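Can you build the whole structure from these sequences, using the hints too?
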Amino acid sequence: MEKIKLLLIRDFKMAILHATIWILLFWVSRHPLDEWAMTAVVLYISLWLAIEIVLRLIWLTARLLSNYVIRTAQRIGVELPESQPDSFSNKRFPIAVFLVLFSIIIGFSLSIGIPVTGLFGLTPLSPYFSWVAWGLLSVGGIGLLLIFGVIAIRLAIVNALHRSLDTRITHSHTMTQDVAAAAGFFGGSISA
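Residue 134 in my numbering is what sits at position 134 of the sequence shown, and the numbering runs on without skipping anything.
It should be emphasised that the hints constitute simulated quantities derived from the structure, not laboratory data.
The structure presented is a predicted model; accordingly, all values stated were derived computationally and were not measured.
Incorrect hints may have been included.
[Said to hold, decoys possible] Label pairs and their in silico Cβ distance ranges: (1) Gly121 <-> Ala19: 18 to 26 Å; (2) Pro94 <-> Arg30: 32 to 40 Å; (3) Arg71 <-> Arg30: 51 to 59 Å; (4) Ala152 <-> Leu33: 48 to 56 Å; (5) Trp134 <-> Phe93: 21 to 29 Å; (6) Ala152 <-> Pro127: 31 to 39 Å.
[Claimed, not checked] Result set (SDA-like, lysine to any residue): computed pairs, CA atoms no more than 25 Å apart in a straight line: (7) Lys13 <-> Met38; (8) Lys13 <-> Leu99; (9) Lys13 <-> Arg56; (10) Lys13 <-> Val116.
Here a beta-carbon is modelled for each residue, glycine too, at the ideal position from N, C-alpha and C.
Okay, structure coming up:
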């Protein structure tokens with residue numbers, strides 16, 4: 001029950017903040033006053049949908065990438081620490097991740113919410129909002145792609161190098177066995 005109360009308080013604070021920001025934006029963009037409340041509600045619902053979708057997709061991608069890290073580490077014989085570090089090694093990384101998440105969530109929510117307001121017969125928002133939505137979505141998407149992409153590329157390189165080393169070691173082993181067999185063959189015929 002206590003969690004529900006905290007969740008409602010958190011959601012209420014976020015809804016008030018969201019409504020306040022949108023009221024200021026509606027006022028600046030001269031959006032019709034009688035549609036402010038309904039438009040803010042539609043945009044708030046799209047924000048929560050965007051948060052749920054984006055965070056779940058990121059969590060799923062991070063889990064898949066984490067499993068790939070574990071398999072790669074096991075394959076090459078690297079032991080991963082069992083406990084998570086208490087802090088980030090790079091203090092700017094959490095800020096960058098927050099900005100990327102903020103950008104992609106806000107961009108995605110506006111990309112959903114702006115067309116939906118039209119479906120409810122509300123006055124369309126200024127085209128600038130659509131441009132901002134697509135810009136934020138692009139920046140967040142590229143940032144997220146870079147974060148996950150760099151990790152995936154590094155793992156792919158480690159896997160490729162490991163496979164290459166395995167092949168070279170196996171080839172070298174075969175060659176040394178051939179040389180040893182040849183030396184034994186010749187050595188046996190010389191000593192006989």
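Going through the hints against the structure:
| no. | hint | verdict |
| --- | --- | --- |
| 1 | Gly121 <-> Ala19: 18 to 26 Å | holds (21 Å) |
| 2 | Pro94 <-> Arg30: 32 to 40 Å | holds (38 Å) |
| 3 | Arg71 <-> Arg30: 51 to 59 Å | holds (56 Å) |
| 4 | Ala152 <-> Leu33: 48 to 56 Å | holds (49 Å) |
| 5 | Trp134 <-> Phe93: 21 to 29 Å | holds (26 Å) |
| 6 | Ala152 <-> Pro127: 31 to 39 Å | holds (36 Å) |
| 7 | Lys13 <-> Met38 | holds (18 Å) |
| 8 | Lys13 <-> Leu99 | holds (20 Å) |
| 9 | Lys13 <-> Arg56 | holds (23 Å) |
| 10 | Lys13 <-> Val116 | holds (24 Å) |
Every hint from the earlier list agrees with this structure, and none is contradicted.
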